[in-house]
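From first to last, the protein sequence lines stand for chains A and B.
Take the first sequence: its letter number 211 is residue 751 in our numbering, and every next letter is one higher.
Take the second sequence: its letter number 57 is residue 201 in our numbering, and every next letter is one higher.
Please note that a few of the clues may not be correct.
In silico lysine to aspartate or glutamate, DMTMM-like type, Cα no more than 20 Å apart, as pairs [to be verified]:
#1 A:LYS810 <-> B:GLU188
#2 B:LYS153 <-> B:ASP254
#3 B:LYS184 <-> A:ASP746
#4 B:LYS161 <-> B:GLU206
#5 A:LYS739 <-> A:GLU946
#6 A:LYS712 <-> A:GLU702
#7 A:LYS739 <-> B:GLU194
#8 A:LYS739 <-> A:ASP906
#9 B:LYS229 <-> B:GLU241
#10 B:LYS146 <-> B:ASP219
#11 B:LYS161 <-> B:ASP210
#12 A:LYS810 <-> B:GLU194
#13 B:LYS146 <-> B:ASP254
#14 A:LYS859 <-> B:GLU194
#15 B:LYS216 <-> B:GLU158
Just so you know, these hints were derived from the structure itself, not from any lab.
Please read all numbers here as calculations on a predicted model, not as lab measurements.
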Amino acid sequence: MLNAGSTAWVLASAALVMLMTPGLAFFYGGMVRSKSVLNMLMMNFMCLAIVGVLWCLYGFSLAFGNDAFGGLIGGGAYLGLGNAFPDGSQYITGTSSGDGIPIYAFAMFQLMFAIITPALISGAVPERIKFWSWGLFVVLWSTIVYFPVAHWVFAFDGYTGETGGWIANQLKALDFAGGTAVHINAGAAGLALALVLGKRRGWPRDPGRPHSLPFVLLGASLLWFGWYGFNAGSALGANSNAAIAFTTTTLATCAATIGWLVVEQFRDGKPTTLGAASGAVAGLVAITPACAFVNPLGGLAVGFIAGAVCALCVSIKFKLGFDDSLDVVAVHLIGGLIGTILIGFFGTNSLNTAGANGLFYGGGFDQLWRQLVAAVAVLLYSFILTSIIALLIKSTVGFRVSDEEEAAGIDESQHAESGYDYSGLSGGGNHSLLGAGATGSATPATPREGAPR
Amino acid sequence: MKMVTAIIKPFVLEDVKGALEQLGVLGMTVSEVQGYGRQKGHTEVYRGAEYSVDFVPKVRIEVVTDDSTAEKVLDAIAETARTGKIGDGKVWVTPIETVVRVRTGERGADAL
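With the rest of the complex left out, here is chain A (with noise of 0.2 Å):
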């Protein structure tokens, strides 16, 4: 039967998810340089576009169709997201909870993790890949690792198909929104499309000024806002689990935005707006796969960990010598793995009976060792597959623009535009000398030959 609460809780979700990726998108905008926002956005938006209509055709089905192979990929049940429902069965799911809702309100929810993840790979190679090799990455990795991953987690038994999942119903990891499936399958991606593309002219001695800190903090808040519907929504019902997920959420946030600021007020002297932003992400990255699954002190536990021990990883990078230009490592890869692993210490059934108790309940290593093995599986997975379909794309269509064209700027190169017209005290209306407005205005473009006049 269908729970009317239910539905519109789990779509207004789908609607706060998908508001996410614009919000990433200035997020990361904000972080590269002005000549680079334009792409750094597109790079974002157009995981919109791509992955809705791969989700469509096989993306959904791939991932929630009943299970074609152990527990590994998802069957083509749903293809076209419209043929053979099972048995006809009114497009319901998740009745025998009481928190029934349609499909397609299920597909809708989880259609806008597929999209943001590809997005969130995005900031490891900002500034320097062709557009549509960008555009065939996304296609193939969300095929050939997204899909499947996001049906060993995501996919339950009994849900949308008879039989789910490998991680979700045989090896009982705890993930309630995605800690492994997005986040740690996110971050190992970019490291390892980072590997592949290898670094940005001039970095590490130039690394990058961020163009926009406004804008940053402003994609952060649109983050933490939709990110509401990310875990509170992935309670996929109008019910407890949703409120504990909105309160561990919302209190493992507020612990890891100060957990960032104490590292650089000791290591840096000052407390940034970048620290405050990316210790914000940071907690709402950790909280992911735990926030039903801790009661309210273990939110605060989990964020403040996630915000100190990932602003101390951002210099990994440079040790290293790899271009993780927006650190999709630290703050997505080690955040993923932080708030997977503690479920193992801080997991408690006392509030979600579908919790389990960690070391610090009572639970021993039970749950530890499930959770370790679930995020080694989806790391190793997704950081050899990327590699080798970023290997691929490389080495046949190719994946970087030229050096000249970097230097020149990808926005004019795989765009032909600018972000800003600000140019000099006028603000670049008529009467300045620089901006494209005087020129052109003053020679109307020339239609080309037969074009309609």
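Once you've looked at the hints, dock chain B against the given chain A.
Quick look at chain B alone, frame taken from chain A:
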């Protein structure tokens, strides 16, 4: 005729403009520039990585005057722009051969 050029801190621009208006100076040209002198730039830290910002934002003022006012303009700018801290800037005077007012074609001191 002389041209007085000043490189000053951006936030003193309004005060300097006011002082020059008091002297009866009728026009000036202002541009946003970057540079450094002995104060050098400063360091910014982003996610633990240090970026040295070598060029500091400054404002450049150019005023063309007749010979007799140049010295007063120079003093007025120097006094108004002074905060006593390093990085206050420089003012200098250069000779100008001739000036034409574009609208009327007037030349020399009449064009000022």
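(Q) Against the 20 Å threshold, does the CA-CA distance of LYS146 (chain B) and ASP254 (chain B) hold or violate the hint? (A) Given that 20 Å is the threshold and the Cα spacing comes to 14 Å, the pair holds.
Straight-line alpha-carbon gap LYS184 (chain B) to ASP746 (chain A), limit 20 Å
18 Å, holds
LYS712 (chain A) paired with GLU702 (chain A) [C-alpha distance capped at 20 Å] = At roughly 16 Å apart (the allowed maximum being 20 Å), GLU702 (chain A) and LYS712 (chain A) satisfy the hint.
task = Decide if the proposed pair is consistent with the structure: LYS739 (chain A) and ASP906 (chain A), CA atoms, cutoff 20 Å inclusive.
result = 41 Å, violated
Legend entry - LYS161 (chain B) paired with GLU206 (chain B) [C-alpha distance capped at 20 Å]: Roughly 11 Å separates the two Cα atoms, so the pair holds.
Does GLU188 (chain B) sit within 20 Å of LYS810 (chain A), going by the straight-line distance between their CA atoms? 10 Å, holds
- Hint consistency between LYS146 (chain B) and ASP219 (chain B) [alpha-carbon to alpha-carbon, up to 20 Å]: Distance of about 14 Å is within 20 Å: holds.
> Has the given pair, LYS739 (chain A) with GLU194 (chain B), been kept, meaning a C-alpha gap of at most 20 Å?
Replying inline: The hint holds at about 18 Å.
- request: Quickly compare the C-alpha distance for LYS161 (chain B) and ASP210 (chain B) to 20 Å and report which way the hint goes.
  value: 18 Å, holds
Straight-line alpha-carbon gap LYS229 (chain B) to GLU241 (chain B), limit 20 Å
Not OK: LYS229 (chain B) and GLU241 (chain B) at ~35 Å, beyond 20 Å, violated.
20 Å limit on alpha-carbon distance, applied to hinted pair LYS739 (chain A) and GLU946 (chain A): Holds, at about 12 Å.
Given hint GLU194 (chain B) paired with LYS810 (chain A) - CA-CA distance at most 20 Å: Distance ~12 Å between LYS810 (chain A) and GLU194 (chain B) Cα, so the pair holds.
Comparing the model with each numbered hint stated earlier shows that hints 2, 8, 9 do not hold.
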